[in-house]
Amino acid sequence: MIRFEGAGRRYGEVRAVRDVSFEVPRGSLCVLLGESGSGKSTLMRMVNRLVEPDAGRVLLEGRDVAGLDPQALRRGIGYVIQSVGLFPHWDVARNVATVPRLLGWDEGRVAARVEELLALVGLDPATFGGRRPATLSGGQAQRVGLARALAADPPVLLMDEPFSALDPATRRGLQAELRRIHRETGKTILLVTHDVEEALALADRIAVMEAGSLAAEGPALAVLGRDAPPAVQRMLRPEALAFQRLGVLPAAAFAEAGPVPGAPGLPGDATLRDALLLMLAEGTDRVSLEGAAPRHLTVAGVLAAPWAETREAGA
Amino acid sequence: MGRLLPGGGQPALALLALTAMAAPWWLGWVSVAPNRLLSARLVPLPGALPVTVAWAAFHLSCLALLALAWRGRVERWAEVVAVLAVLALAATVGLGAAAALPAGSPLARASPAAGAWVALLVLALATATASAARGGTPALPLAAALLGLGAMAVAGVFDSLSLAREAAGRAGELRAALLGHAALAGGSLALALLVAAPLSALALRRPALEAAFLGLASGLQVIPSLALFGLLIAPLAALAAAVPALRSLGLGGIGPAPAVIGISAYLLLPLARGLVAGLRVAPAEVLEAARGQGLSEAGILRSVRLPLGAPVMLAALRLAAVQAVGLAVLAALVGGGGLGSLLFQGIGQLASDLILLGVFPVLALSLLADAGLALLARLIPAA
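These protein sequences, in sequence, are chains A and B.
Take my numbering: the last position of the first sequence gets the number 315, and nothing is skipped along the way.
Take my numbering: the last position of the second sequence gets the number 383, and nothing is skipped along the way.
A portion of the hints provided could be inaccurate.
Unchecked claim - A short, non-exhaustive set of chain A residues, derived as facing chain B with CB atoms under 8 Å:
no.	residue
1	N48
2	L68
3	A72
4	Y79
5	S83
6	V84
7	G85
8	H89
9	R94
10	T98
11	L102
12	L136
13	Q140
14	F254
Said to hold, decoys possible - From the structure, some residues in chain B lie toward chain A, with a derived Cβ separation under 10 Å:
no.	residue
15	A238
16	A241
17	A242
18	A284
19	R291
20	L295
Simulated from the structure, these hints should not be mistaken for lab results.
Using N, Cα and C, we set each Cβ at its ideal position, and we do this for glycine too.
The whole structure should be built from the sequences, with the hints applied where relevant.
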């Protein structure tokens with residue numbers, strides 16, 4: 001787990017980060033959400049000491065990172081950045097193998113690990129292992145970046161706007177992959193983004209940064225709820241927030257029993273946003289949910305859902 | 001690909017081929033002087049069979065070039081026949097000189113006459129034109145021509161030429177000068193690298209140091225080279241007098257020391273610029289990723305900055321090496337030896353063969369350094 005205790009950092013007169021305290025529990029996916037210049041990247045980079053705090057401290061598994069050798073610390077933390085930063089003169093396999101090689105793994109173990117990871121991030125090792133980064137698409141490159149970060153099996157992953165440079169479809173695909181990998185590996189992930197939709201799609205917990213300070217922190221739906229602190233509301237456009245929340249609420253949880261003959265069908269694992277979009281597209285006020293028992297959703301049910309969930313979660 | 005216009009001729013190339021053919025008949029093939037210091041006179045091309053075969057081959061090659069140029073077919077073949085023409089011309093002059101020298105006068109000297117030189121120059125131009133029309137560089141034809149001329153020299157075709165006689169008479173001196181020249185240029189380059197490499201690495205993190213270093217290197221370029229060598233003589237002489245141990249190492253006011261130090265001072269600017277720029281080639285996000293993965297600064301230099309910057313740095317090294325070979329000619333003026341000693345001796349005696357004896361090896365060394373480093377740059381896989 002990662003724990004910030006009164007962490008702060010100044011650049012000249014500018015206080016990039018001031019007095020931030022919160023904890024990222026082990027195994028959670030915490031999103032640091034904020035506008036550019038809010039200090040979220042600076043805060044994240046304190047964890048692997050790419051930025052040194054000048055106030056407070058950062059603890060990793062209970063140990064102050066300031067007391068650890070920076071290179072050894074970084075080799076034990078996966079690091080993914082928006083621009084990926086693959087070494088252009090190395091092929092994909094060698095790029096993924098960077099940290100295992102630094103750690104002195106033997107060649108056989110490195111090769112096996114590279115293959116395993118490329119498969120994990122959805123790239124065929126035989127096809128992609130020998131390719132140069134320049135021949136990859138943006139999405140493929142970031143998959144390699146993710147594999148590289150996971151190479152030495154670090155318990156913690158830091159991700160700085162990892163999907164922000166990708167087109168929306170690729171981004172949604174990679175978000176789904178990240179959720180799956182997080183579920184499968186149980187890593188503690190701290191992810192920086194300015195995208196509320198992405199935060200809602202990925203986060204267990206959300207920490208909102210504003211002007212260098214922590215504005216709110218907690219479970220994702222609670223932080224971005226109707227009772228969010230004014231700073232969060234100002235930043236997030238609450239009217240759009242309601243729609244974005246629909247994107248993470250499963251349609252099945254809000255369905256009513258009973259068949260609706262002739263209504264368009266919705267897949268069983270769809271979200272409420274999918275349900276609303278289908279109603280808009282078909283011009284109907286109800287859709288039926290595919291599944292064993294006949295169920296359906298009404299437009300009134302969808303409209304009531306965003307804030308109903310918060311009450312359930314808070315209760 | 002090679003044609004400029006479909007079916008269109010290459011009038012420039014055709015004109016060059018015609019000029020190459022006509023020049024030796026008009027301005028002469030070979031001239032003979034009674035000895036190395038007296039002025040030479042044109043002699044008619046002897047009628048011996050080997051000479052006739054050689055000039056016939058020269059004209060056939062030129063005619064082939066003319067025909068190719070006329071029809072606009074300038075691909076590889078134009079370069080091939082141009083190189084053949086050069087070799088045939090050299091053979092005509094070499095064999096012609098052997099036949100033209102009067103028997104029983106060991107002091108007489110034969111040299112290529114103006115017509116032969118003009119033809120050679122025109123053929124070089126024609127080769128370059130043909131290469132350019134193909135969209136390439138004349139590197140391969142140049143190498144082929146040099147290889148052919150070298151083989152002919154080894155076979156003794158040029159032994160009767162005055163330049164070869166001068167070289168044979170001064171073989172020991174020439175070898176010493178060539179080795180001395182290579183040592184001067186190599187030593188200067190090594191010294192400049194020794195200073196520039198660590199300073200460039202340090203300059204990466206310290207903008208003030210970079211500004212001071214590049215400022216100093218640029219400032220040195222303003223001092224004329226001979227003046228810089230001269231300026232170094234007094235302090236080095238004083239140093240050698242104060243510390244006799246240095247004198248036994250070969251350091252003194254006169255000799256190679258001021259030349260090597262002076263030349264390396266000039267090499268600092270191209271090296272420093274290239275090295276600093278090369279170290280900066282690696283993009284910021286690659287450096288960020290390298291740091292984030294726990295590479296040390298030394299590891300980043302070795303695994304990221306050097307391989308990515310190698311092409312830029314090698315280009316700077318190439319420029320500096322060629323400059324070093326050229327500047328080392330001046331070392332002779334401060335007693336530093338090298339091929340400059342032959343050249344300046346030749347100028348002093350107005351002996352053009354001796355001047356050429358100094359110039360040709362300098363040219364060869366320069367081409368060798370350039371080609372060698374270019375080849376090295378090509379061997380490094382592109383990033």
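### A:L102 as chain B interface residue, shortest Cβ-Cβ below 8 Å
With a minimum Cβ separation of about 6 Å from chain B (threshold 8 Å), the hint on A:L102 holds.
### Task
Could you check if A:A72 really has its C-beta closer than 8 Å to a C-beta on chain B?
This interface hint holds because 7 Å falls under the 8 Å limit.
### Task
Against chain A, run the beta carbon of B:R291 and see if the smallest gap drops under 10 Å.
B:R291 check passes; min Cβ-Cβ to chain A is 6 Å, inside 10 Å.
### Query
Given A:Y79 as an interface hint, is the shortest Cβ-Cβ distance to chain B below 8 Å?
Because about 4 Å separates A:Y79 from the closest Cβ in chain B, which is inside the 8 Å limit, the hint holds.
### Query
Should the hint that A:G85 touches chain B count as held when the rule is a Cβ pair under 8 Å?
holds (3 Å)
### Query
Minimum Cβ distance from A:Q140 to chain B below 8 Å?
violated (16 Å)
#### Entry: Per-residue hint verdict: A:H89, partner chain B, C-beta under 8 Å
holds (4 Å)
#### Entry: Minimum beta-carbon distance criterion (8 Å), A:R94 to chain B
Because about 10 Å separates A:R94 from the closest Cβ in chain B, which is outside the 8 Å limit, the hint is violated.
### Query
Is the interface hint for B:A242 satisfied, with its Cβ closer than 10 Å to some Cβ of chain A?
violated (47 Å)
### Task
Classify the hint on B:A284 as holds or violated, based on whether any CB of chain A lies nearer than 10 Å to its CB.
holds (8 Å)
### Query
Should the interface hint for A:L136 be scored as holding, given a Cβ-Cβ cut-off of 8 Å against chain B?
Because about 14 Å separates A:L136 from the closest Cβ in chain B, which is outside the 8 Å limit, the hint is violated.
### Minimum beta-carbon distance criterion (10 Å), B:A238 to chain A
Because about 49 Å separates B:A238 from the closest Cβ in chain A, which is outside the 10 Å limit, the hint is violated.
In summary, the structure is inconsistent with hints 2, 9, 12, 13, 14, 15, 16, 17 from the numbered list given earlier, while agreeing with the others.
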